[in-house]
Structures are given as C-alpha cells and as structure tokens.
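With chain G held as given, fit chain H onto it using these hints.
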Amino acid sequence: MAGPGVVIGAGRLSFRLRSALDFVADGVHHLYGHHPLLSRGFADFSVEVNPPRSLRRWFARQACFRHDGASTFLPLPRDQALPLLEWGLNWCVYAHVQDRLVLHAAVVERDDRALIIPAPPGSGKSTLVAGLSCAGWRLLSDELALLTLTGQEVEGLCRPVSLKNASIGILRGIAGAEPFSPTVTDTLKGDVALMRPPRASVEQAGRPARPFAIVFPSFRAGSSPSVTSLGPAMAFGGLLESAFNVSALREEGFSVLGDLVECCRCFRIEYGSLADGMALVQEIHGTGEA
Amino acid sequence: MQWRLHPDGVLLRSWQDGAAAFHGGAGDIYVLSPLCGAILERMQSSRAWCLESLADRLLAECDAPPPGEDWCDLVRRALESMERLRLIERQE
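Here the protein sequences line up with chains G and H, keeping their order.
Going by the numbering used here, the first residue of the first sequence is number -19, and it counts up by one from there.
Going by the numbering used here, the first residue of the second sequence is number 419, and it counts up by one from there.
Please keep in mind that the hints were generated in silico from the structure rather than gathered at the bench.
What you are looking at is a predicted structure, and each value in this text was computed from that prediction instead of being measured.
For each residue, glycine too, the CB sits at the ideal point set by N, CA and C.
Please note that the accuracy of each hint is not assured.
Far from chain G, some chain H residues (derived; all Cβ distances over 10 Å) [claimed, not checked]:
1. 419
2. 463
3. 475
4. 486
5. 495
Quick partial rundown of chain G residues pointing at chain H, CB under 10 Å, derived from the structure [unchecked claim]:
6. 213
7. 223
8. 227
9. 230
10. 233
11. 235
12. 237
13. 241
With the rest of the complex left out, here is chain H:
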C-alpha cells in the first residue's frame, strides 16, 4: 500500500516550525506539524510512497528524531491524521 497527495490538490507552505496546507477541493486550510510538512513536501515531488521508504527517507534527512519514539509509527500516525483531513489518500 502507498500514500499519495489527494487528487484535489494541496498547496503547501513549509517552515522550520511547521507547515500550512490548503486543500484544493474543500478550500480548507490547516496548520500542521513540521513532520506533516516534510511528508507533504516529499509527496509533492514524488507520486506515491510506501510507509517504510518514506520513514527511512525522512529519518535520513532528520537532524534530531524525537527520542523514545517509534519513528515509523510516528510517520504512520502523521499519515493517518492527514488522511482524515483529506490532504492525502491511500493507494492500494
């Protein structure tokens, strides 16, 4: 299973302390965590990602992953929360 941006389109502004995303279909705007911003950035430059490769890529680019957290689980929860916002979707 892979994850990709919602086909309605997402505009993204990403900063060090977080990100803002505009959902092209609904017109809703969300303020997101830096991790969510990083995930959406990757998805804008590539069609779809599986959880493991996305987590590996983000970990490799991350200066200081949060201690005591299961990194892959953290990324999965970020993906699921953005799925609920309809910013991304699963692709079977």
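Looking at chain G on its own, in the form it has when it is part of the complex:
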C-alpha cells in the first residue's frame, strides 16, 4: 500500500488506500480480502494513514488520517491506525456523498427485504448485524446506509464491521478468529476489532435492496426481548437524528425520509442477548409484505 496505494471497490464507491505502515497494509489485505481491487486510476476517495509529517513523529508513535493529502483528525496512537482508517472512511462518505441520503444505520437483507437499523453508538447495531451476517443475511452496511433519492432503494458499502468490547468475544465465538483484525485496546470507544464481511455479501455489494422495515435496537444486558410497533411520525423523528445530510438535500431529503417511513414497517426492539436480538429481527422479517 505504499506509493500509489490500492484502489478498493466497495459498492458504488471506490477508495484509494495508502499507508507506509506494514501492519495497516496487512490489515487491509485481510479485511478487504473479498473486495475487488480496481486497476483504474480514479477513486472516489483517496486516503492515507501514515505517521505524522511534523516533528511529532520523532517523539510520539502516532498515525494520521489524511483525505486528499489534508489531515482531517487529530493523530491517534499508532496501534489504532487500522480503526482510524475505517473511521476516516466513514467520515469521507457521510461528509461528501450528496447524491444519496446518508443515514447512520446498519442494513441487512434477506429474501429481498432489507432491514434498516439506525441507532447511536453503543446500542448494539453492529453486533446485531455481524451476528445476522454470520447467519446468512446479506450485510450491506454496519454503519452507513445510502438511500437513493428517487428509487426507494437502499445501498451499502459492505465494509468491515467495527465491533467493540464484549461484542468482540461473542462474535469470535460465532465466526471464529480468522475474519477478525487484532483487537486494539484503549481507544476512545474501548477495545475495537474489525470483522471482515462475508464473501457473498461483498460480491453483491453493488446491488441495492428494497427497504422493508426500520428497526431501532436497544441492547440492555439481561432485559427480556420485546418488540414495539412505531408509527410513521415516531420513526421519522428517529431517522431524522440519524440522517447526516438531510439538511443539505432539503426537499429531496425530506421526501426520501417521508417515503421511507411510509413504505416500511417500523419497530423498536429491546433485547438482552445477541440470540434474542437476532430472533426478534427474524420475527420482523417474517411478518409478510410491507
């Protein structure tokens, strides 16, 4: 990944990734092992994770994320370079994509029914979709959902799933250790490990899905599983909090959100274990036509 780097295709977007750090290159090759390497010169986003260019590199082992050569975030400890790359790629998408409505939401699909799972960090959405992807669901995204402005379709980039703290061990127990990056400890989000998405999901990353349901998850350790149906206005309010660029899209963004809650069933689920959460999602998926 030194020099011109590699260009990776992820859904409808492409990313040029560069790093002089060997462990970052190894991590990218492992986590993006199922993604197509593109030979064309153009990439939608050109990013790098490298040691700082300033004097800082002589007294602190740090890594910087740069987009188009410009530093975007404060440097982080060098062992956090791989999560930093993923967080930076997320920023590229939600800060720059303007021809889609970008939601902070995970998306999974089965039988042509996509479930959009918007939630703030810590609500368990990444754990839930990682578990579902191990159970045969197609993973579109664990972090960012892209809604088309006209076709009522949802797209994902099918990038690695970012898991935190206890979720790492739970998913390792299901998927085995092989798909995982090394765990990075003491980040701002706690311990973080990235999980490679399934090959079948990556191969279909360019295929949009039809939204069927919107599910707001809430994980509370030890709680009993429950499902609550939400009206369109309540769901609209929840989605509004998750929509990065709805203001920039103005009327179009408003209409996309309105259409989405009108064409989907909307639920809030609460669960105390991954197995319960997956069972609730399966139950929602099985409820028939939207």
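Leaving out everything else, chain H in the frame of chain G:
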C-alpha cells in the same frame, strides 16, 4: 385576526401519530403532534383561518378530543408553537 401558512412554504407529511414539516425558507425539518399536522393540512387547503372556525372544524373532524382540555386553547397553543417555528404566521 387569522392564521396562515408561512409564505416561504411548508412541505407536510401527516400521519395518524403525528406529522413532519419542512420549512421551505430555512430548510429546517420538524416532527409535530397530530393536532399540529391537522392544522397545517387545513391551512394547505385554505388560505387563512381564524382560531374559532379552525377549532370548530378540527373538533368536528376529531374522533376523540382530549378530555378535560379547553379545545380552543389547545388549538391556540398549537398555533403559537408553530408560529415560533415560523411554519405559520398571523395575518391581521
């Protein structure tokens, strides 16, 4: 005095459990109560309303008005809250 939609324009989605409104000038989006949604719906189909006739119309169409509330006062407070959001305005 009458009330009408703000001249910048308001896009509205109205549902049983509430409504969403887009302010055409500022670009702000608000999630509103079912009553506010019903008021904006009426204002979209008619130029301006006085409080009393609007309250009467809404009451006639309402399946179950909230018990123990002064209906006209409820509508007035809804109008004033939407005025603060610049979704509607007074017309002297």
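* Could you work out which earlier hints the structure fails to respect and list their numbers in ascending sequence? => none
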